[in-house]
Structures are given as C-alpha cells and as structure tokens.
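S.K.: If you read the sequences in order, they're chains A and B.
All the letters of the first sequence, read from the start, carry residue numbers 1 to 330 under UniProt numbering.
All the letters of the second sequence, read from the start, carry residue numbers 1 to 292 under UniProt numbering.
Quick caveat, the hints were computed from the structure, so don't treat them as lab data.
From the three backbone atoms N, C-alpha and C, an ideal C-beta is built for every residue, glycine too.
Relax, there's no trap hidden among the hints.
Pairs of lysine-lysine, BS3-like flavour, derived with a Cα cap of 27 Å:
| # | chain 1 | residue 1 | chain 2 | residue 2 |
| --- | --- | --- | --- | --- |
| 1 | A | Lys119 | A | Lys171 |
| 2 | A | Lys125 | A | Lys171 |
| 3 | A | Lys71 | A | Lys171 |
| 4 | A | Lys71 | A | Lys119 |
| 5 | A | Lys119 | B | Lys194 |
| 6 | A | Lys171 | B | Lys194 |
| 7 | A | Lys125 | B | Lys194 |
So the derived list for chain A, only partly shown, Cβ under 7 Å to chain B, looks like this:
| # | residue |
| --- | --- |
| 8 | Arg87 |
| 9 | Gly88 |
| 10 | Met93 |
| 11 | Phe95 |
| 12 | Glu97 |
| 13 | Ser101 |
| 14 | Asn103 |
| 15 | Val105 |
| 16 | His152 |
Here are some chain A residues pointing at chain B (derived, C-beta under 7 Å):
| # | residue |
| --- | --- |
| 17 | Met54 |
| 18 | Asn84 |
| 19 | Thr100 |
| 20 | Leu102 |
| 21 | Tyr150 |
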Amino acid sequence: MSLLAVENLAIDVAVGEACHRLVHDASFSVEPGETLAIVGESGSGKSLSALAVMGLLSEGLSVGAGTIRYKGQDITHFDERARNQLRGSEIAMVFQEPMTSLNPVRTIGHQITEGMRLKLGLNRKQATARAIELLEEVGISDPAQRLRQYPHQLSGGMRQRVMIAIALSSKPSLILADEPTTALDVTIQAQILSLTARICRDHGVGLVLITHNLGIVARYAQKVAVMYGGRIVEAGTAAALYAAPMHHYTRGLLSSVPRLDTPRDLPLRPIAGAPPDPMQHVPGCRFHPRCAAATAACAQEVPKMEQRAGHEVACWNPVPADQTISEELA
Amino acid sequence: MSDATLSPADNTRPKRRSRLLVTLAGDRKAQFGLIVLALFALAGIFAPLLAQYDPNEMTLDMMAGLSAAHPLGTDDLGRDLLSRILYGTQVSLFIGISTVALALAIGVTLGLVAGYFGGWIDTIIMRYIDLQWAFPNFIIAVYLVAVFGTGLLNVIVAISLAFVDDFARIARSMTLTLREEQYVDAARTLGFSKPRTLFVHILPNAVAPIIVQATVSVSYAILGEASLSFLGLGVDVSTPTWGLILADGRSFITQAWWLGVFPGLAIMLVVLSINFIGDWLRDALDVRQKAI
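Excised from the complex, chain B in its bound form (with noise of 0.2 Å):
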C-alpha cells in the first residue's frame, strides 16, 4: 500500500513565462494598456522625428486653435502643443516609472525588514515612517525639492522618498501574517538564512498588493511631478513636462479648451494603461489562479 504511486493530474502547468502570455490573450483591457504604454514610449523615444517644431520656438501664432499646421493648437507663447506633449512624454513616462521602482525598492526592503525581525529594529523604522505618515506626501516632495534644488534627479529622489512609507507599511503588514504561515518555518527548519528566508520564502507571497500600490503610484507619481511643475518646482523651466504644460495653460483654459485637455488625455490614458497592466500581473503572477 506504501508503494502506490499516484498519477499525476491532466492539466499541467505552464511555465510561468508562457502564464503571462496565456493570460494575456484572454485580458482585453492588459492589451489595450500594453499598446497604449508601447505608443507613448515610442513617442517619447522619437519625439526629435515625429515633432514638427522645436518645442521650445514661440512664433506670434499665439493660442491658435486646433488646424493643419498646429494638430493640436499651440500655446500663449505661440508654441505647438503636439510636439510639446511629444517631448513631454520622456520626462514624464521616465518619472512616473523611475520614481515608483525607487520607491518600492526603497519602501518594501525597509517594510520587510521591520516586520520580519521586529523588536527595536522594527520600532525604529516604523516610527520614521509615522513620522512621514504624518505629513501630506506631497508637502515632503515640496520641501525636499526646495531644500535641494529641481533637476531631474532630485524631482525624482523628492517624489519616490515621498511614496516610501505607503510601500513600507504594506510590505510590513504582509511580512507580519506571512512570518507565521509554517512554510516559514519549514525554511528554518532546513537551516536557510533570515535574509533568504525572507526574500525567498516570503516576499513572493506579497507581491500582489505591492503591484497594486505601484500601478496606482505611478499615476501619482506622474500627478505629483505635475503639481511641482505647477509650483515652479518641477525639472526645469526649459523642459517641456505634461505637468508643466498643463501647469502653463492654466491661466488661458477658458480661451483655449486644448491647453488643459490634451496634456491631460495624455496623463489619463498612461495611468490608465498602468492599471490594467497591473491588474493582469497581479493576477497573471497569482500561480494559485487558474491560468484560462
């Protein structure tokens, strides 16, 4: 009776590779985010060809409306909106995804870390991240940009600082249900080490609500890079971002629509892409669903 061996059931498993393809196929909405995200990437790579004009050239043809020769009108400063937004793309698309993985990088390995080992070490992050909880995250990108100065890279530091504490605490509450569960103790009872214990054996298990956190980040992410531009303290006045040309329009919507419209259809339709293509990883990356 010991030596029975059992067959093996009739659906076996793809790889987990060939799982994201699979699922892929049946998820309009994964499709739809993927091509659009592939659009805007591409034309933020080959904004200098596709772009018309220098987006930076005023000309005297101020807030024109929507033609030939201007696709999407052009500015009070008489430059064209299309190649602006073109431009645009780079910065912004670059923020909303570099600042998001600083972030999770940043947050998840400090969130792991508390819940993991507890005691003194978990106190003391965590009190830091309360401290920063404590404060809207847009006023800590605020300041850290106005302390060190805009540029690029400091926007992108003052933005993903600003996030840390929401992956941190997520990450934190996984670890502390996940520490429990007996494969983790199966772990040590084969002698692996904490660290491997913990980004083996337990971070795996906590991916589907950090995916979400960071889908949903990245909009803010490219939300929060626009709100700097609005206050003069985005990348550089010289740079064209969709925050600093919706920041720029402001003033003008009421005479020209276009100013605040399509910078923001671009936003919308990149965060919108981010989200689906989120929902699918979290549930293409979820070996326990079925794979249809």
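Here chain A stands alone, though its shape is the one from the complex (with noise of 0.2 Å):
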C-alpha cells in the first residue's frame, strides 16, 4: 500500500456553464520515506494536482475524474471538516515563496508551536521544547533566541527552513513541497533540497517535490514524474529516466541547461515555441507543435504511457534509448 497513489487524475475548471480539463490521467505514487519529483513548466498542471491532493483546489477547480489515496483510503472526495482534520497533521505542504508564506507580524514560536498546539495537544512548554529540536534539526543555531523573533529578521534561507520546521511540526507522513526553492539562490536551493530530502528520508516521511527544474532533483529524488501540458509524459525511477530520457520534451529540458560532458562553446539549446495555453484543445500529442520529430500520427491521437528501457513515456516517436544527449547536441 503506497501512502499516497493518485490515480487518473483529472482537474476540470468551469468557464461559464462549459467546462475545461487542465489536467488529463495523471498517475502517481509515493512510497514512505522516499521523494517524488514532479517537473514541468508553469501551467503544466504539477502545482494543480498537489492542491488536489490538500484540497484546497480554489473555487471553480474540481476533480472531474480519478481517485486520490492517502494510506490505502480514498480521500478525493472527502469533505471539508474531514480534510482539515487530514492537513498539517498528515498531509502538510512547504511553498513556493519563504517571504511571503509566513505571517509578517507573528513570532517564528508562535507559528511553529501554533499547528503542534492545536493538532498534537501539547502544552505551551512542550510545543516549545519541540519547536527547539525542530529548529536544530533544520539547522538554525540559537533557535530559542530565534522563537521570539519576527520573519523580517531571517533571510529567505533561513525562512524556508523554518517553513519546513513548520510543515514537519504536526508530524505528518506526507509533505508536498511547491518549488521550494524557486526564490533561494542557487548555493541555498542545495541546501535546502538536501536538507528536506534528508529530513523526509530520516523521519520515513513521503515528499512529493515540485519543480520546473529537471536536472536539481536528479540527486534528491528516487522517482520522476514529467508533465506537459496537463498531462504526465514520461515517468520512472531517476536512475531509468535520466539513464535515458525518451521523451522528447523531456530531452528538450536537458539539453536546455548547461551540462559538464559537453563543450564549453556549445550554444545551449532551448524548446522551440512556447508552452500551449491552458485553456486551449491540441489534439493528439500536447507536444506535438513544438516536437522536432513529430509526424501526422502525432497531431491525430494521445499516446499512451509504454513501458520503455525501464521506465514509462507516452510518445509515437519516443528516443532510441541508446542516444545520449551529448550525442545528439553534438
């Protein structure tokens, strides 16, 4: 039993009395203690399906199809009282933006204590005493110095790590993590990354970790999950998809950061063409305008996820599997 199995997920959003998908099939599944990466673009969806699973979809947003397991039990379509009881204490989420996610004019205390206090019951001094281990944990020194004092008084790296102090204080067994280090520079962002995945991995914590970012989760996660345009493109094990991506969005991605194996002088290679609009139908392959190797077969009908080389993708062309990609930006 996976402690989080999400299963032919789909969003819908309603425009007037019509109704549009955003997010088409997407499966995915986290063991305890291991990490998830999901990467795309912006709008391909991966921030919308982790509000599916908190349900905190906002309004006009709703789960058209598929089913969201936490622990064995179906929860996609609990309701409101029953999902508050889930969040913090099972499922807690860490955000995007460390400035803005905590509350200007409350004690760093008070916010770690505040969920300890009302989800686990502990008293006063015992929330304090936690929220000090917690702290440490993280990585801050003096953190009893630190509970007094406000969020403008900490550095952005520094807050992220006292959000994910803040996620871990109610102990939940899932913690979906929104690019958490979008906003950090780049020293910080690895920091950070190790830190959560070490801290999840240690307290047998599930993380899914959400990102647009395919080469800095190759060392933290075990599992990889790519989406484009509303829909999951090729997913697998780390060490099977980045052995050799199939997809061709997902080789886009790779060739379009610098790498160490390639020649200084190469000109980086970026996807032609933009992401498609959300709200726009492409028929077939969602990739398929902006695909080198695209044929008519492409444009006519949706791949499937295949078995491939160890891990799934969903292309009528996909990669031979033996092509690096030094090789073909070669």
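Mind assembling these two chains? They're in different frames, but the hints should get you there.
M.R.: As structure tokens, this is what we get:
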C-alpha cells in the first residue's frame, strides 16, 4: 500500500457553463521515506495536482475524474471537515515563497507551535521544547532566541528552513513542496533541497517535490514524473529516466541547461515555441507543435504511457534509449 | 553543506510589552498624551472631591468672570464652570471610549467576515453598510436616540452604531488584500479552521488602519455626544457633559467667553491626547518597524 497513490486524476475548470480539463489522467505514487519529483513548466498542472491532494483547489476548479488514495483510503471526495483533519497532521505543504509564507506580525515561535498545540494537543511548554528541537534539526543555531523573532529578521534561506520546521511540526506522513527553492539563490537551493530530502528520509516522510528544474532533482528524488500540458509524459525511477530520457520534451529540458560533459562553447538549445495555453485544446500529443520529431500520427491521437527501457513514456516516436544527450547535441 | 548552521543576528528583539515602553521613551507626543489623558481620568474619578461646588447648584452670581471663588467663572444660571467640567469629564470620557470600543468590535467583526467569506455573506453585510453609509453618521444617532429615548446607554449605543460602517469598511478592505497572502494559504494547509485563520492570522495584520480610525473616532464620539446634548437628545439635562455645557453656553458666548473656551479646551486636549496615543500604538505594534 502506497502512502499516496493518485490514479488517473483529472482536474476541471468551469468556464461559464462549459467545463475545461486542465489535468488529464495523472497517476503517481509515493512510498514512506521516498521522494517523488514532479517536473514541468508553469501551467503544466503540477501545482494543481498538489493542491488537489491537499483538497485546496480554488473555487471553479474541481477533480473531474480519478482517485486520490492516502494510506489506502480514498480521500478524493472527503468533505472540508475531514480534509482539515488531514491537513497539517497527515499532509503538510511547503510553499514557493519563503518571504511571503510566514505571517509578518507573528513570532517564529508562535507560528511553529500553533499547529502542535492545535493538532497534537501539546501545552505551551512542550510545544516550545519541540519547536527548539525542530529548529535545531533544520540547522538554525540559537533556536530559543529565534523563537522570539519575527520573519523579517530572518534571511530567505532561514525562513525556508522555518517553513520546513513548521511543515514537520505536526508530524505529517507526507509533505508536498511546491517549488520550495525557486526564490532562493543557487547555493541555498542545494542546501534546502538536501536538507528537506534528508529529513524526510530520516523520518520516513513521503515527499512530493514540485519543480521546473529537471537537473536539480536528479540527486534528491528516487522517482520522477515529467508533466507537459496537463499530462504526465514520462515517468519512472530517477536512475532509469536520467539514464535514457526518451520523450522529446524531457530531452529538450535536459539540453536547455548547461552540462559538464559537453563542449563549453556549445550554445544552449532552448525548446522552440511556447507551452500551450491550458485553455486551448490541442489534438493528439500536446507537445507535437513544438516537437522536431513530430509526424502526422502525433496530431491524431494522444499517446499512451508505455513501458520502455525501464520506465514509462507517452510518445509515438520516442528517442532511442541508447542515444545520449551529448550525442544529440553534437 | 546542508548542516551549516546560521548565526543569529546581533540585535535581539525585545518582547512586545517592553517594545511599547521602549518606543514610548522616545516619543514625546505619546508621553504628553498619556499624561494628559491620565490627568483627565483622575479628574473624572475624583470629581466629587476636587469640585468645590455641586455642579447643578444655582447661585445668584451669574456669568461671573474668572475669580478665586470661581476659577473658570460661572454660567448663566450661576453654576460653577470648573465643577461642571470636572463632573462632565466622567461621562464624556466614558462615552468617547466605550462607543468606539463597541463600534470597533461590531464593525471589525462584520468587515472581517464579509471580506473573508465573500459571496452572499459579503453582499448582505455590505449592502447594509452601504445603506448606513448613505446617511450622515449624526442623522443615524439622532434617529436612534429619538426612537429609543435619551439616557447614557442609549446615547452610547446610538453613537457607536453610527460608527460601525467606518470600521466595517476598513476591516473588509484589509481582509480582501490579506486573504490573498500566501501565509493565509499556508495556515489553511496546516489545517487551521477558517475562524482561526481569520482572527489569529488576518486580523493582527490589519490593526494599523483600525487603530488610526479608532483614535479619530474617539474625538467624533465626544463631539457626537456634544451635538446630541446640544439638540437636547444627550444623556440627561441634569448630568453635566462637555457637550451640554458647551451647548448651554452658546447663547451667552458674546458676554461670557469662558463658557465656550473652557469646555472646548477640555474636548480639544482629550482628542489631541488620544490622537498622539493612537500614533504611538500604531508604530509600536508594527513589529516590522525598528524600535529605537
């Protein structure tokens, strides 16, 4: 039994009378202590999928099909009350912007202990003791002092550490991190990611890491799902997927960032075109207008996820598994 | 690298209570305001001991100027002005502060609820507020007192209801911006209830404009009571309030300047003090501002 198992999830938005599907047929799962990275551009549906798991889709958005199972229980249609029981104590979330996700007029201590006192029923003294432990664990020195400070007195990296401590505070089994390092500079990004991944592994907490940077997750995730235009186009264990990326979009993502194994003066190769408007219907594979290998068949029918070279890919003309990226770029 | 610890900043923030004191030390105007308000409060409490005369005792010494016997003179019925102002302090201060407290509690709650929940709740609350907004505050107070009768409690309720719309509008507009903040979403992902999110996470971020409105409203409330007294709709003819004293003296101002100046001065000093205190509270409660 997976900790979280999402099957054939579809998310719809109501546009007046009509209904438009933003996320199609998304399936992924996370085991305790495991990290799953969902990678994709903005508008690919990765954040929506996370919000659907939290039960916090904004008004007008709804789960159109599929099931979300948490510890084997179908929570897809739980009511607000039952969802609220899960939030914080079972499933917690870390947001993108550490500068704005902390309440500016509450002390760090108040914000860390609030959840524990409410969800775990700790008294002030116990909660403070646990808050100090948590801050120590996320690498903040002099935690007792920090508890009395306000968010504006902390740097961006420290705030994100505090956010992680808050997410852990009510002992959840699953953490969803929505681009937790986008607002931070590169060295801090690496610190925060390895910290998050390590803490989740140590505590047996499942982690869903949502990001647009395929390169950055290679080291921290055991499983990767690449999303494009509301569909998962390639998924599998990180090892298998990075060894032989077969979807042209995944390839495009990898060759659009600098690599150590290609000549230094080789220009980066961006993916031509722009991601599709989520509200626009594209027949067939959603990537075909931007794909160099597109054939007539690509515009006809949506490709299914198929098992190839140790992982799954949804493409009519996948890249041969033995062609490396450096060969392709050369 | 991930285990690198970060050293704390050198400046450590004092707790909120001492923050108030720290900022007070550097704020002359707030000190002035607190002292003046405290003096008035004491004068109100100890009026029976301080006043030389019964405030309603009439003598033949009418409209006498400033003298040792009557430091602030007497009015048209020969009543000692200083004694009347001292007794009036109690009622005027009480009305000024309690009406604002009541209006703030009702108005802010309505505004928070309307702004946070939106939809039909917002529509119902705000259409009522619009309706009230369409009338001048004073007309509403006059109407309420005219219907329910005079008396201390009715005057307080009437004036505070007239102020509810201002607080509701401010609280609602603050809530509309604040509810989009990511820390409000974050509170929801931690499984906090909506009322908790509203009162523990949104309200404290909205205090600054509410305090400013409250201090301004205290002055309007004291003046509002004065206006009601002026129309004979005040607390009670036998209870001296600053407004009533001012209203009584109005007809004789050309002959006895002290009848207008001294009660007016009392109102002005209290209003000024409360504004100074309000400015200080606004700054001191804003944790993002540096304490000196």
